[in-house]
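Engineer: The lines below spell out each chain.
There are 4 protein chains.
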Amino acid sequence: MTIKKQKILDAALQLFATHGYDATPTSKIAKEAGVSEGLIFRHFESKEKLLVFIMDMGIEKSLELSRGVLSAENPKEILKGILELPFLIEEDIHFWKLHHALKLQSPEYTDRYKTFKDETLLEIFSKLGYKNPRSEAAFMGVFLEGLFVSILSKQEYDYEQLKQIIYSKYNLNE
Amino acid sequence: MTIKKQKILDAALQLFATHGYDATPTSKIAKEAGVSEGLIFRHFESKEKLLVFIMDMGIEKSLELSRGVLSAENPKEILKGILELPFLIEEDIHFWKLHHALKLQSPEYTDRYKTFKDETLLEIFSKLGYKNPRSEAAFMGVFLEGLFVSILSKQEYDYEQLKQIIYSKYNLNE
Amino acid sequence: MTIKKQKILDAALQLFATHGYDATPTSKIAKEAGVSEGLIFRHFESKEKLLVFIMDMGIEKSLELSRGVLSAENPKEILKGILELPFLIEEDIHFWKLHHALKLQSPEYTDRYKTFKDETLLEIFSKLGYKNPRSEAAFMGVFLEGLFVSILSKQEYDYEQLKQIIYSKYNLNE
Amino acid sequence: MTIKKQKILDAALQLFATHGYDATPTSKIAKEAGVSEGLIFRHFESKEKLLVFIMDMGIEKSLELSRGVLSAENPKEILKGILELPFLIEEDIHFWKLHHALKLQSPEYTDRYKTFKDETLLEIFSKLGYKNPRSEAAFMGVFLEGLFVSILSKQEYDYEQLKQIIYSKYNLNE
DNA sequence: CATGAATGAGATTTCATTCAT
DNA sequence: CATGAATGAAATCTCATTCAT
Chain A
266 MTIKKQKILD
276 AALQLFATHG
286 YDATPTSKIA
296 KEAGVSEGLI
306 FRHFESKEKL
316 LVFIMDMGIE
326 KSLELSRGVL
336 SAENPKEILK
346 GILELPFLIE
356 EDIHFWKLHH
366 ALKLQSPEYT
376 DRYKTFKDET
386 LLEIFSKLGY
396 KNPRSEAAFM
406 GVFLEGLFVS
416 ILSKQEYDYE
426 QLKQIIYSKY
436 NLNE
Chain B
266 MTIKKQKILD
276 AALQLFATHG
286 YDATPTSKIA
296 KEAGVSEGLI
306 FRHFESKEKL
316 LVFIMDMGIE
326 KSLELSRGVL
336 SAENPKEILK
346 GILELPFLIE
356 EDIHFWKLHH
366 ALKLQSPEYT
376 DRYKTFKDET
386 LLEIFSKLGY
396 KNPRSEAAFM
406 GVFLEGLFVS
416 ILSKQEYDYE
426 QLKQIIYSKY
436 NLNE
Chain C
266 MTIKKQKILD
276 AALQLFATHG
286 YDATPTSKIA
296 KEAGVSEGLI
306 FRHFESKEKL
316 LVFIMDMGIE
326 KSLELSRGVL
336 SAENPKEILK
346 GILELPFLIE
356 EDIHFWKLHH
366 ALKLQSPEYT
376 DRYKTFKDET
386 LLEIFSKLGY
396 KNPRSEAAFM
406 GVFLEGLFVS
416 ILSKQEYDYE
426 QLKQIIYSKY
436 NLNE
Chain D
266 MTIKKQKILD
276 AALQLFATHG
286 YDATPTSKIA
296 KEAGVSEGLI
306 FRHFESKEKL
316 LVFIMDMGIE
326 KSLELSRGVL
336 SAENPKEILK
346 GILELPFLIE
356 EDIHFWKLHH
366 ALKLQSPEYT
376 DRYKTFKDET
386 LLEIFSKLGY
396 KNPRSEAAFM
406 GVFLEGLFVS
416 ILSKQEYDYE
426 QLKQIIYSKY
436 NLNE
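In order, the protein sequence lines correspond to chains A, B, C and D.
Counting from 266, one number per residue, gives the positions in the first sequence under the numbering used here.
Counting from 266, one number per residue, gives the positions in the second sequence under the numbering used here.
Counting from 266, one number per residue, gives the positions in the third sequence under the numbering used here.
Counting from 266, one number per residue, gives the positions in the fourth sequence under the numbering used here.
It cannot be assumed that every hint is accurate.
If several chains are the same, the list does not tell them apart, and a pair holds so long as it fits within one copy or across any two.
Straight line, CA to CA, 16 Å or less: simulated EDC-like cross-link-like pairs of lysine to aspartate or glutamate [what the hints assert, rightly or not]:
id, residue 1, residue 2
1, Lys269, Glu302
2, Lys312, Asp287
3, Lys272, Glu302
4, Lys341, Glu302
5, Lys314, Glu373
6, Lys269, Glu297
Calculated from the structure, these hints are not laboratory results.
Treat the numbers as computed from the prediction; the structure is a model and nothing was measured.
Go ahead and model the full structure; you've got the sequences and the hints to work with.
Structural biologist: Given below as structure tokens:
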């Protein structure tokens, strides 16, 4: 990976996240990256493949991070870890903004992560012995989704108290 | 409102929602609406003003609907009503998809609704006598946000059970 | 057919014929036609479809002309007519230059005419009662091909004498 | 001549012949030759000089071949030899396809061969004692041209019979 | 001799917008 | 009110060529 290729990736991610994929011309990416416009196409063939590359990389990284969190032994620890995940997006905020923007209108770019998330939650609550794990997984899925969006849109909630509500619901404080 | 103007609005909303504002050319709107491209500009001046028109109309309608729900006397009834709101979007699914898509990347089009929602929730939980209404409002805000997104993205959860979790949390079943 | 659309066709045919399809940018066509570059694509969608349109039109016109010549009663008159065809290309010289240029490298644009020509020659010599009509058709096909190319490349031959050689071969003089 | 230089020549000739000079990017030549794009320019300076090199080489080879054929003593033998020339192009089919493609639209690359051909034919028929050698040369020129094109475009004629027609015309069977 | 990253000019195409009818 | 021809700016993409290694 040459420096310039990396600069293109950085610039593209930031611009796609901030203004949207369709609203971002390759000329702007090139300028932001300090690179000729042609180089984008030498490295990525097309604007869309650049997007795919960015999404694949980001999802791969996220999956790795998530798998780390989920490798804990104690199921309650895993649940605590999952609750922390939304707060770990800060450093990848651009990726997650883009991810979120694509989710509804171009789900093909984000499906891989969605599948992983759904399956993981279901597994967790099965392991925890809930009699209706599917229902609990749904609740957590919905709540986590809302948490993600709230953090992404910089809602100024008291997130510690929010977490407490979940902690007491699942007896995570003991 | 002539028939053709309405057709333009319908086509634009559907296309903006499905593919995104930037990814939708006016030519496609015109074709979908069965109308000449020029007519769009005669009625709405510019593509952006067409978007603003659509968003304003949609938000107005939503506020009206919400105000209906919120006019109930009993605060618990209001809360029940709020919980139903995410399920009422089905018929305005295009508007809400678009709303959601704009929220993060072009918040200027959606701020009016957001402000309304935040203030309303806070007021409800104050009325209900919670000692920390801001915190409960945050929880419900986050949960509702997740619920919206889940419904928008056609997640096949068992939403009745989900509601029950909230119902028991706030003793809405009595 | 608006005037400008016709101007585009004229300019494109002339430039494609003179410099080749690939060597002719649409910007040059637009300038030559006195038209905005975008208009080319409004009318023809793509540069290649513009080429197809030109070729189809030209072939249609040629087939019509040819059918006129071939409608004579007397088979010898028909043969005379065929021999005149290469000399009728002067007014469509641009089309035929382009036709010739595409024949070997992009035969898909010219096949329709080729098929017509082959079948017609065979039919003629069958009607004339030659015992080996296929062979005579081949000879005339080859000779006509050479004649076309020679005229296209402005070879300064004495074409009257050339015709005489064929006339005496097939006894067309009596 | 290094192996790689030769590979570039082979690939370029094949691609120029098949798709045309303008339609062939240097990147494709490089890929086809299994060579870096830069190497093309190290060896040939520019794409156009590569074309010139190819054409000059090919014409030189053709002239040599032709001179062999024409060195026969008996003028009728020479004529027979000339009639065979179109059938010798099989092994240089790519060169001749390219030659043919350039003839009308970029004659500067092919003039050398044309001049040679015209002068040679005239000389032959003068030596053979025809009273109108120019006219016979024209006829043969036209016929040969047609023969070349027919063979290049893989027309499935019975070429033996075609040759016989010429053989009897010039009493070459004696 | 050879590579491959990089450029910049230009090619094709798209698209919001204008305007005469 | 409505059309559709036309524009011009900008978007995506291509490609011959250069250059450091």
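Engineer: Each of the hints needs a verdict: does it hold here or not?
Structural biologist: Hint check results:
1. For a Cα distance limit of 16 Å, the shortest separation of Lys269 from Glu302 inside one copy, 11 Å, qualifies, whereas the shortest one across copies, 20 Å, does not.
2. Taking identical chains as interchangeable, the C-alpha atoms of Lys312 and Asp287 lie at most 16 Å apart whether they share a chain (10 Å) or sit on different chains (15 Å).
3. Taking the shortest Cα distances, Lys272 and Glu302 sit within 16 Å of each other inside one copy (12 Å), while across copies they are farther apart (25 Å).
4. With identical chains, the CA atoms of Lys341 and Glu302 are never at most 16 Å apart, being 50 Å at best within one copy and 58 Å at best between copies.
5. In the homo-oligomer, the alpha carbons of Lys314 and Glu373 lie at most 16 Å apart inside one protomer (13 Å), although the nearest pairing across protomers, at 30 Å, exceeds that limit.
6. For the identical chains of this complex, Lys269 and Glu297 are intra-copy neighbours only, at 11 Å inside a copy versus 28 Å across copies, given an alpha-carbon limit of 16 Å.
The earlier numbered hint that this structure contradicts is number 4, and it is the only one.
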